[in-house]
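First to last, the sequence lines map onto chains S and Z. In this text, residue positions in the first sequence follow my numbering: the first is 1, and each later residue adds one. In this text, residue positions in the second sequence follow my numbering: the first is 1, and each later residue adds one.
Treat the hints with caution; some may be incorrect.
Just so you know, same-sequence chains aren't split out, so a pair can sit in one copy or run between any two.
Taking lysine to any residue pairs in the SDA-like style, the calculated list, with each CA pair at most 20 angstroms apart, reads [claimed, not checked]: (1) 290 x 33; (2) 98 x 256; (3) 127 x 139; (4) 247 x 279; (5) 155 x 36; (6) 155 x 32; (7) 311 x 106.
FYI, nobody ran anything at the bench for these hints, they're computed from the structure.
Number of protein chains: 2
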Amino acid sequence: MRNIKQEIIAKAKNDLEGIETALRENLNPHLDLIRETAGHILFSGGKRLRPLLMLLSARLCGYTGNEDKNFSAIFEYLHAASLLHDDIVDGAALRRGKPVAHSIWGSTAAVLVGDFLLARSLSLAVKARNMKVIEVISEITEQMSRGELHQLVRKGDTDLSEAEYMEIIRCKTAVLISAACRVGSLIAGAGEPEEAALAEYGLNMGIAFQMADDLLDYTADSKTLGKEVGADLKEGKLTLPVIYSLKAADPETRVRMTEIIKNKNFSVQSFETLVNILKSHGGIKYTEQKAAEHISGAKAALSIFDKSKTKEILLHIADYALKRKM
Amino acid sequence: MRNIKQEIIAKAKNDLEGIETALRENLNPHLDLIRETAGHILFSGGKRLRPLLMLLSARLCGYTGNEDKNFSAIFEYLHAASLLHDDIVDGAALRRGKPVAHSIWGSTAAVLVGDFLLARSLSLAVKARNMKVIEVISEITEQMSRGELHQLVRKGDTDLSEAEYMEIIRCKTAVLISAACRVGSLIAGAGEPEEAALAEYGLNMGIAFQMADDLLDYTADSKTLGKEVGADLKEGKLTLPVIYSLKAADPETRVRMTEIIKNKNFSVQSFETLVNILKSHGGIKYTEQKAAEHISGAKAALSIFDKSKTKEILLHIADYALKRKM
Chain S
1 MRNIKQEIIA
11 KAKNDLEGIE
21 TALRENLNPH
31 LDLIRETAGH
41 ILFSGGKRLR
51 PLLMLLSARL
61 CGYTGNEDKN
71 FSAIFEYLHA
81 ASLLHDDIVD
91 GAALRRGKPV
101 AHSIWGSTAA
111 VLVGDFLLAR
121 SLSLAVKARN
131 MKVIEVISEI
141 TEQMSRGELH
151 QLVRKGDTDL
161 SEAEYMEIIR
171 CKTAVLISAA
181 CRVGSLIAGA
191 GEPEEAALAE
201 YGLNMGIAFQ
211 MADDLLDYTA
221 DSKTLGKEVG
231 ADLKEGKLTL
241 PVIYSLKAAD
251 PETRVRMTEI
261 IKNKNFSVQS
271 FETLVNILKS
281 HGGIKYTEQK
291 AAEHISGAKA
301 ALSIFDKSKT
311 KEILLHIADY
321 ALKRKM
Chain Z
1 MRNIKQEIIA
11 KAKNDLEGIE
21 TALRENLNPH
31 LDLIRETAGH
41 ILFSGGKRLR
51 PLLMLLSARL
61 CGYTGNEDKN
71 FSAIFEYLHA
81 ASLLHDDIVD
91 GAALRRGKPV
101 AHSIWGSTAA
111 VLVGDFLLAR
121 SLSLAVKARN
131 MKVIEVISEI
141 TEQMSRGELH
151 QLVRKGDTDL
161 SEAEYMEIIR
171 CKTAVLISAA
181 CRVGSLIAGA
191 GEPEEAALAE
201 YGLNMGIAFQ
211 MADDLLDYTA
221 DSKTLGKEVG
231 ADLKEGKLTL
241 PVIYSLKAAD
251 PETRVRMTEI
261 IKNKNFSVQS
271 FETLVNILKS
281 HGGIKYTEQK
291 AAEHISGAKA
301 ALSIFDKSKT
311 KEILLHIADY
321 ALKRKM
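Bound conformation, chain S alone (with noise of 0.2 angstroms):
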């Protein structure tokens, strides 16, 4: 059996190479440093999932025109961003098994390839000539920017709570996930009920994406996820699947698990410890459960849209988003 990823691949060829293309042409860098720093995080094996949602979206809701891809484009210039910008925050060295861009070009070009993608992902919004395009765009700005302070501030916490967590991922990740939907039925000119399902869909995939993404660093191999494994613990970050094992573990363990937490240079040996803590306090299998639960919610939100080839690639994103593997 064909795995999820590429079957989704294979039905999104046209609109994956129309992405790659938008990128591209889109980017007018001007100075080698831009193309280069911009290139490293933008050409890098993403998977696209922003934009091609846009796209999807926008064809659910009817859009036929030809100007989807460049709008598309919007979205992955402003995960590139957020991501340029938390590398630096997060001092981590690998993403997608590559140098982060700062330990090359330097944390001083990461700081501002990363506002020139956000201004270029700006001027692409302005392009769309709709007050609420731009609207959509500037609150999701300043929530991803509020999730990255807050996640900051709370760094290394064992207190966080799971309410806060929740706070966190949703204007990190969840809040530009739902905004790359809910673009796409604006600029298709749908009504209020397709926005707000699609804007639904986008927040509870955006969810259950950083819920799996915070399970695969307890889960998954070094090589597989393309950075150091305990990377998010190495950075003081406190995910569920840690943060519901210190609520559930006794008071023997929750020491325990409170001392390979705040020791960053942990070995090897504890960090089999910890993860052992995690599964058998259920902290995985509750994220897991979690991840489930906001899937569920994001096909029962397109529940409002008749079966079409394009319905059926948005389930079977909010399915990948579950079950992948890195």
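Once you've looked at the hints, dock chain Z against the given chain S.
For chain Z alone, coordinates are given in the frame of chain S:
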């Protein structure tokens, strides 16, 4: 005789107070880290040049509403965002006599709070419900990042031409000041001639303002300047006084200048030698002349407006830009 700065402050007292209130009320920091980091850069003795120019431009075009102060915050937030990111890039230690934000809260917070301020300015711009305002903001955001990147890639290059210098200061400084004036005319619903005149006034003002700033690095003492003297050169930033003098100098002097410029740990004595060369080879005088030409251009652009108190303050600000000592 009261100095020109005090005179402007006295005449614009109500506006300046309104700007302070708007800057506090529109920040919506939510997190202490945002309140502190953004507050450090926003409320540390900035001149409020950009918001004031927006208010005066709107009034000059007949604006009588009461949303102008809120919109004026857009330009101070954009300016502060750019300062936060630039200070990381520059590696500077002091701004306005205080330690730069990233040395207190870390560059990670400075990056993210800069992003937040950019997002806030965008959210405020959206409130104008005017597509042209959004277009101007998106255009300048892109140009500002291009200007900073251009400066970054040419850091330390002694063959930077006057034309390139002009392009850099246009992008990194003048377009924002020009946009503040232009948006003032737009929210007042002014016609294209007024918009073009104020854009021209602001662009010339911005260029002269940056030239005057670049001169201060060679003519002011560090206490007046609020930062280290010779900081531009230590950061590898070649400005017009140096560019002109390098070209005007005989080969032997050029070698000596280049030695001082390339050695970023130059002594106070070497710096004084360089300043003397800039004086004797006309770099200081040439830059003063060029700045004065742009101030004349700025004033001339206002000729389409009738005489008024508001116009008088705008003309005064142009004079101040040229003569400021800090």
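For each hint, the structure was consulted:
no., hint, in the structure
1, 290 x 33, "neither (42 angstroms within a copy, 30 angstroms between copies)"
2, 98 x 256, "neither (33 angstroms within a copy, 43 angstroms between copies)"
3, 127 x 139, "both (18 angstroms within a copy, 11 angstroms between copies)"
4, 247 x 279, "within (14 angstroms within a copy, 70 angstroms between copies)"
5, 155 x 36, "between (31 angstroms within a copy, 18 angstroms between copies)"
6, 155 x 32, "between (35 angstroms within a copy, 14 angstroms between copies)"
7, 311 x 106, "neither (43 angstroms within a copy, 45 angstroms between copies)"
Figure legend: structure checked against the earlier numbered hints; hints not met, in rising order: 1, 2, 7.
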